[in-house]
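Q: Quick note, the sequences are listed as chains S and E, same order. Take the first sequence: its position 173, counted from the start at 1, is 173 in our numbering, and no numbers get skipped. Take the second sequence: its position 47, counted from the start at 1, is 749 in our numbering, and no numbers get skipped.
Bear in mind the hints are in silico, worked out from the structure with no lab data behind them. There could be a bad hint or two in this list.
[Claimed, not checked] The calculated lysine to aspartate or glutamate pairs, modelled on EDC-like cross-linking and capped at a C-alpha distance of 20 Å, are:
(1) Lys-755/E / Asp-93/S
(2) Lys-755/E / Asp-78/S
(3) Lys-581/S / Glu-670/S
[What the hints assert, rightly or not] Over 10 Å on every C-beta distance to chain E, these chain S residues come out as not near it, computed from the model:
(4) Ile-27
(5) Gly-112
(6) Phe-340
(7) Gly-412
(8) Arg-501
(9) Leu-550
(10) Glu-628
(11) Arg-645
Every residue, glycine too, gets a C-beta built ideally from N, C-alpha and C.
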Amino acid sequence: MVRAWVNLAGVLRGMRTALVIALWTAIALVGAGALASIAFTRGEPVSAIWFVLAAAGTYLVAYRFYSAFLAARVLGLDDTRATPAERLDDGRDFCPTNRWVVIGHHFAAIAGPGPLVGPTLAAQFGYLPGTLWLIAGAVLGGCVQDFVILFCSLRRNGKSLGQMAREEVSRRGGMIAIVSVLAIMIILLAVVALVVVNALKDSPWAASTLFMTIPIAMLMGVYMRFWRPGRVLEASIVGFALVLLAVVAGQWVAGSPQWARVFTLSGPALAIAIIIYGFAASALPVWLLLAPRDYLSAFIKVGAILALAGGILVVRPAILMPPLTRFVDGTGPVFAGKIFPFCFITIACGAVSGFHALISSGTTPKLLMREGHARLVGYGAMLMESFVGVMAMVAACALHPGVYFAINSPAGIVGATAEKAAATISSWGYPVDAATLNGLAARVGEHTLLNRTGGAPSLAVGMAQIFSGTIGGDRLLGIWYHFAIMFEALFILTVLDAGTRVGRFMVQELLGHVYAPLGRTSWYPSVLVTSGLIVAGWGYFLYQGVRDPLGGINSLWPLFGISNQLLSAVALVVATTILLKMGRGRWAWVTLAPMAWLVTVTMTASYQKIFHPDPRIGFLAQARVLGEQIARGLLPPDKVAQTERLIFNNRLDAAVTALFVVLILILIAEALYEWYRILSGRKVAALQETPHVPTQWAEAGG
Amino acid sequence: MKRRTLAVLSARAWAWLRAVSGDDAYEAYVARAARPGAAPTRQEFYLDRLRRKYSRLSRCC
Chain S
1 MVRAWVNLAG VLRGMRTALV IALWTAIALV GAGALASIAF TRGEPVSAIW FVLAAAGTYL
61 VAYRFYSAFL AARVLGLDDT RATPAERLDD GRDFCPTNRW VVIGHHFAAI AGPGPLVGPT
121 LAAQFGYLPG TLWLIAGAVL GGCVQDFVIL FCSLRRNGKS LGQMAREEVS RRGGMIAIVS
181 VLAIMIILLA VVALVVVNAL KDSPWAASTL FMTIPIAMLM GVYMRFWRPG RVLEASIVGF
241 ALVLLAVVAG QWVAGSPQWA RVFTLSGPAL AIAIIIYGFA ASALPVWLLL APRDYLSAFI
301 KVGAILALAG GILVVRPAIL MPPLTRFVDG TGPVFAGKIF PFCFITIACG AVSGFHALIS
361 SGTTPKLLMR EGHARLVGYG AMLMESFVGV MAMVAACALH PGVYFAINSP AGIVGATAEK
421 AAATISSWGY PVDAATLNGL AARVGEHTLL NRTGGAPSLA VGMAQIFSGT IGGDRLLGIW
481 YHFAIMFEAL FILTVLDAGT RVGRFMVQEL LGHVYAPLGR TSWYPSVLVT SGLIVAGWGY
541 FLYQGVRDPL GGINSLWPLF GISNQLLSAV ALVVATTILL KMGRGRWAWV TLAPMAWLVT
601 VTMTASYQKI FHPDPRIGFL AQARVLGEQI ARGLLPPDKV AQTERLIFNN RLDAAVTALF
661 VVLILILIAE ALYEWYRILS GRKVAALQET PHVPTQWAEA GG
Chain E
703 MKRRTLAVLS ARAWAWLRAV SGDDAYEAYV ARAARPGAAP TRQEFYLDRL RRKYSRLSRC
763 C
């Protein structure tokens, strides 16, 4: 009798195992089938649902198997080891937190405008290369980086990437990390500000809506500071309702001749307004503008992303963009350069983002209750980020290719009128007519959608089509479009505020070594000077981008992508060094392979951006062509000064790119030397880990 | 039974939302703080929290 029961239990266990195996086989097959259908379908539109299934299937399998392998074999996560949050708990910085709450914080911190803008721009190569890189780059590169750096910081009391680089790689490594972070931040802030300018210029509806978010945020700030201290949710709900009202009210502003004139702003005027705003947001107390805007934007961000996911599932739009376009040859109008390396540089954050390493070695490791939670938070949050990128790709590729190119190409390439743009784009083989372009602009409540480079407007049109397919139909297209624009602009401005402020602290820290009072973060003269320095830095590149006849995005976005991917290479160098020192050299390929790939991509892209003979790609070639125009007397006298400035800007861009390359090459050389000494036994691998302290908690919480 | 499950789930979602947004930060701090010295007021705690949060990188690309 007893034996029969034991047998039965064994059989049941066996059946359960078989079911689990069958389930994972099914998930893997669905994912693979969906990938095959988006990769091999030709000549007819693919449904967006296959994109969702391909991504979700791959993510699930990667999370279940690859991240488990990383956790158990490569890193050896140890749940008996007390985390910094347990040992150093002070209720403020170090604070044991439920893992589902930590992943919420972590995702809100890493999800920025990058995975929305990058895939939209990369859609000019067709939907296939970008989608494949978003998925593969994330599961093999981005998620691994975030996870491993989070683990390394967790074992070092939450130390930053710069500190780890200094202690584990070389003394110069820390300096390289800090300088590159500061430089990247300046380029990042400039390019995202440029995206906002291009979305708002000559659009009274969008500009007035975004302007209204400033008093709304201040009202929330006063509410949370004085009336109901710390009641974040109440204030956010009030703020959200007011912002929705501002979106609707924007059309009345645009409809009134007087007010429309006030809010119809040119690119340079908007750039100056944003520069002044960035300075104010950095110098004002955080409770007044920065914090409430951040709360508001985090809510709208998560809401809009969930709504987009729901909308894609309900509407299941057809993907009208071909899998590959003719622009893989490097002649694309959105940005110049071949599919390798520029597809990877352009996608950037949606697949691998160096910036995430700063978050993974910042707040997050100070909150985790168990080492094991690092897998969900580090690997899992990046999967979600990659999914946002795939959705942005879907929204952009659901547009007619002709419309997509009309919105995203600068006037210098397709022309500034609908007729001209339609003729040029049709001649490329993406038929579109002027009436369609004008009609679409009118339906979303704009004068024109032409030449709105930067990705945000075309994504907004794509999102508006998906949303209006769910709720409201064509009648609400204008509201949805401006809601999407507001959502993108709002959280770009949040990145701008927060980035300017953190950049200010970094500059203060650096200048504090030169003159001590400048290092005091509350000394007002220093606040004004250092805020001014940071704003001047990104403001210069922003203004340069606005005045650039090729549209600015063409030079600034690749510069940002290169710097971001280089920072990721820095993080992976640090991670590989730590793995080697831990005696896990056997598994070092998990970080070494993505690092080698990123170094190859960024070095190729940097070389081309500096030296390529095509003036649209190479900064120096562009400077040379402009110089020849002046020398031959081809330009009217009033244009000469402006052209000389353009020449200087191109040389500056080349110099910045070269600076990034030199920094990373120094770091890699030092790391290689360190690896050689460790592997050859010339140096004892001194790991800077905190010693093992057993956890006092009985069982894994959360 | 079903209604109960729904209530539990929505209570959990609400608690999660409060925790993620930082809405419950003060209550959580006071509940856990068995520390010497007077606890800060709600307002002091809120301002201190903001100062810490926005002095380091909290948002990304």
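Q: Could you work out which of the previously given hints the structure breaks and list their numbers from low to high?
A: Hints 2, 5 and 8 are the ones this structure does not satisfy, whereas the remaining hints hold.
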